[in-house]
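Enquirer: So you can see what is in the structure, the chains are spelled out below.
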Amino acid sequence: MVTTDEKGPLTAKKKSVIIRSCDGDEFLVSESAAVLSTSLKKILEEKEDRLIHLSDIDNKTLAMVIAYLSTHADDGLSDDLKRSFDQEFVSGKEFDVLKYLVLATDTLQVTCLCYTVAKKMADIMKNKLVEWVRREFDIQNDYTPEAEAEIRRLDAWAWDDRQLEDD
Amino acid sequence: MIGRRRYDPSVGTCGAGGIGTSSCREEKIIAQIIEISGEIVAAIDDLLKQILLRLPIKSLLRFKLVSMHWNYLISNPRFRHLRNPDPNLEEFNSNLFSQYLEANLEEAAYTTSTPYQTSNTDNSSKSPDVGMFLSRPNTRWDHWYEFVPFFANKSGDLPFEKQLKFMKDTNLPKNPTDNQQSAKKPQYAIRAELRLIPDTTVRQTLHAQIAQHETEE
Numbered sequence: 001m002v003t004t005d006e007k008g009p010l011t012a013k014k015k016s017v018i019i020r021s022c023d024g025d026e027f028l029v030s031e032s033a034a035v036l037s038t039s040l041k042k043i044l045e046e047k048e049d050r051l052i053h054l055s056d057i058d059n060k061t062l063a064m065v066i067a068y069l070s071t072h073a074d075d076g077l078s079d080d081l082k083r084s085f086d087q088e089f090v091s092g093k094e095f096d097v098l099k100y101l102v103l104a105t106d107t108l109q110v111t112c113l114c115y116t117v118a119k120k121m122a123d124i125m126k127n128k129l130v131e132w133v134r135r136e137f138d139i140q141n142d143y144t145p146e147a148e149a150e151i152r153r154l155d156a157w158a159w160d161d162r163q164l165e166d167d
Numbered sequence: 001m002i003g004r005r006r007y008d009p010s011v012g013t014c015g016a017g018g019i020g021t022s023s024c025r026e027e028k029i030i031a032q033i034i035e036i037s038g039e040i041v042a043a044i045d046d047l048l049k050q051i052l053l054r055l056p057i058k059s060l061l062r063f064k065l066v067s068m069h070w071n072y073l074i075s076n077p078r079f080r081h082l083r084n085p086d087p088n089l090e091e092f093n094s095n096l097f098s099q100y101l102e103a104n105l106e107e108a109a110y111t112t113s114t115p116y117q118t119s120n121t122d123n124s125s126k127s128p129d130v131g132m133f134l135s136r137p138n139t140r141w142d143h144w145y146e147f148v149p150f151f152a153n154k155s156g157d158l159p160f161e162k163q164l165k166f167m168k169d170t171n172l173p174k175n176p177t178d179n180q181q182s183a184k185k186p187q188y189a190i191r192a193e194l195r196l197i198p199d200t201t202v203r204q205t206l207h208a209q210i211a212q213h214e215t216e217e
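Protein sequence lines, in the order shown, are assigned to chains A and B.
With the first letter of the first sequence counted as 1, position 120 gets the number 120 in the UniProt record's numbering; the numbers rise by one all the way through.
With the first letter of the second sequence counted as 1, position 160 gets the number 160 in the UniProt record's numbering; the numbers rise by one all the way through.
Just so you know, these hints were derived from the structure itself, not from any lab.
Cβ coordinates follow ideal geometry from the N, Cα and C atoms, glycine included.
Errors might be hidden in some of the hints.
Heads up, simulated DMTMM-like pairs for lysine to aspartate or glutamate below, C-alpha to C-alpha not over 20 Å straight-line [said to hold, decoys possible]:
hint: 1; chain 1: A; residue 1: Lys119; chain 2: B; residue 2: Glu214
hint: 2; chain 1: A; residue 1: Lys41; chain 2: A; residue 2: Glu31
hint: 3; chain 1: A; residue 1: Lys126; chain 2: A; residue 2: Glu94
hint: 4; chain 1: B; residue 1: Lys58; chain 2: A; residue 2: Glu94
hint: 5; chain 1: B; residue 1: Lys49; chain 2: A; residue 2: Asp160
hint: 6; chain 1: A; residue 1: Lys119; chain 2: B; residue 2: Glu216
hint: 7; chain 1: A; residue 1: Lys60; chain 2: B; residue 2: Glu35
hint: 8; chain 1: A; residue 1: Lys126; chain 2: B; residue 2: Glu216
hint: 9; chain 1: A; residue 1: Lys93; chain 2: B; residue 2: Glu216
hint: 10; chain 1: A; residue 1: Lys128; chain 2: B; residue 2: Glu214
hint: 11; chain 1: B; residue 1: Lys58; chain 2: A; residue 2: Asp58
hint: 12; chain 1: B; residue 1: Lys58; chain 2: A; residue 2: Glu150
hint: 13; chain 1: B; residue 1: Lys58; chain 2: A; residue 2: Glu165
hint: 14; chain 1: B; residue 1: Lys58; chain 2: A; residue 2: Asp96
hint: 15; chain 1: A; residue 1: Lys93; chain 2: B; residue 2: Glu214
hint: 16; chain 1: B; residue 1: Lys58; chain 2: A; residue 2: Asp166
hint: 17; chain 1: B; residue 1: Lys58; chain 2: A; residue 2: Glu31
hint: 18; chain 1: A; residue 1: Lys126; chain 2: B; residue 2: Glu214
hint: 19; chain 1: A; residue 1: Lys126; chain 2: A; residue 2: Glu146
hint: 20; chain 1: A; residue 1: Lys60; chain 2: B; residue 2: Asp45
hint: 21; chain 1: A; residue 1: Lys93; chain 2: A; residue 2: Glu150
hint: 22; chain 1: B; residue 1: Lys49; chain 2: A; residue 2: Asp123
Here are some of the chain A residues that sit facing chain B, going by a computed Cβ distance under 8 Å [to be verified]:
hint: 23; residue: Val17
hint: 24; residue: Tyr100
hint: 25; residue: Asp106
hint: 26; residue: Cys112
hint: 27; residue: Tyr115
hint: 28; residue: Met121
hint: 29; residue: Asn141
hint: 30; residue: Glu146
hint: 31; residue: Glu150
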């Protein structure tokens, strides 16, 4: 599957890059969009090869990131439009998807997308129980019961459990 | 970048940090990456910090309990500074401070007497340093930093009791309307100022005296 980007057919002037996900699907991206990612920019500077293979980003995530990049590389769109695109981009996504997306932004070094996704993740996390967070991030509780009680005692006002969710 | 903590690269992902390394096309492996993505995110401190930075303070205090590492990240002074780049917001109201200063200008000039006045031929009660400080429209923490060593050095020449008195006096709220709001501010100011006195023994003695003073009251 080859996805052409929205700007239309490939011309000689406009350089394009082919990015291959780890499923083997290939995406055609304009260079102006690709250089928004710092890692891709470095790769493009180093070698002339127009095919970049990303071994750890799957099809779905890469498609999302590329949609983001090509929107932000589009000079025709105003900043307000881009901002509202960011809002829509993260809204309604599940936490698992966001986790994987934030990893992809770390690999590709797309700072602004990383911040947007981190904000969304924080919004989801803020009313959750500690146990939920441990489960989502696969973290073991390494506190002794005494230390745990001490921490609960220190900031007792933050432990109002009435509004917290656990799903 | 990956695998700083609790992430074992031998799990079978082809290195979540690598671009253009060996190819893996099996869906199994992708599923595996997605499965452990939470763990990987938690293992990358930079990424985790970006998320934690965007949480409200109440959630942060609760999430100290997630693990010792999270507690370390959240309680770390650097993180606190990142989250609150302007300390004025939390513990020190600089506008209030400049108000005190304005009210106590003569007193301050008097108290910081000898070394300062000998170095200046100008005998006016307003010191140029103080004037410069006040002329800035929005006094921020870093300006305050520039300014304070002047206080600290000069008051360092005084005996401890006077020094303490001086510090308390210069920071007392003079504006009666602000009384309720600023009831606790002078304490912060004193402590903040104490931090800047270079001599540790002096600082310790002052802390002890403040503690004694507080218990007496």
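Enquirer: Does each hint fit the structure? Answer for all of them.
Expert: Evaluated hints:
1. A/Lys119 <-> B/Glu214: With a Cα-Cα distance of about 43 Å, the restraint between A/Lys119 and B/Glu214 is violated, given a limit of 20 Å.
2. A/Lys41 <-> A/Glu31: holds (9 Å)
3. A/Lys126 <-> A/Glu94: holds (15 Å)
4. B/Lys58 <-> A/Glu94: violated (23 Å)
5. B/Lys49 <-> A/Asp160: violated (24 Å)
6. A/Lys119 <-> B/Glu216: violated (48 Å)
7. A/Lys60 <-> B/Glu35: Judged against 20 Å, a Cα distance of about 15 Å means the pair holds.
8. A/Lys126 <-> B/Glu216: Judged against 20 Å, a Cα distance of about 42 Å means the pair is violated.
9. A/Lys93 <-> B/Glu216: Not satisfied, since the Cα-Cα distance of roughly 58 Å exceeds 20 Å.
10. A/Lys128 <-> B/Glu214: Answer violated: A/Lys128 to B/Glu214 is near 40 Å, above 20 Å.
11. B/Lys58 <-> A/Asp58: violated (35 Å)
12. B/Lys58 <-> A/Glu150: holds (17 Å)
13. B/Lys58 <-> A/Glu165: holds (15 Å)
14. B/Lys58 <-> A/Asp96: Violated, at roughly 24 Å.
15. A/Lys93 <-> B/Glu214: violated (53 Å)
16. B/Lys58 <-> A/Asp166: Distance of about 17 Å is within 20 Å: holds.
17. B/Lys58 <-> A/Glu31: Violated, at about 43 Å.
18. A/Lys126 <-> B/Glu214: Between A/Lys126 and B/Glu214 the Cα gap is close to 38 Å, so the pair fails against 20 Å, i.e. violated.
19. A/Lys126 <-> A/Glu146: violated (25 Å)
20. A/Lys60 <-> B/Asp45: Roughly 25 Å separates the two Cα atoms, so the pair is violated.
21. A/Lys93 <-> A/Glu150: Violated, at roughly 36 Å.
22. B/Lys49 <-> A/Asp123: holds (14 Å)
23. Val17: violated (13 Å)
24. Tyr100: holds (5 Å)
25. Asp106: holds (5 Å)
26. Cys112: This interface hint is violated because 12 Å lies over the 8 Å limit.
27. Tyr115: holds (7 Å)
28. Met121: At 5 Å from the nearest chain B Cβ, A/Met121 passes the 8 Å test, so the hint holds.
29. Asn141: Given a least distance of 7 Å, the restraint on A/Asn141 holds.
30. Glu146: violated (13 Å)
31. Glu150: With Cβ-Cβ at 10 Å, over 8 Å, it is violated.
The structure shown violates the earlier hints numbered 1, 4, 5, 6, 8, 9, 10, 11, 14, 15, 17, 18, 19, 20, 21, 23, 26, 30, 31.
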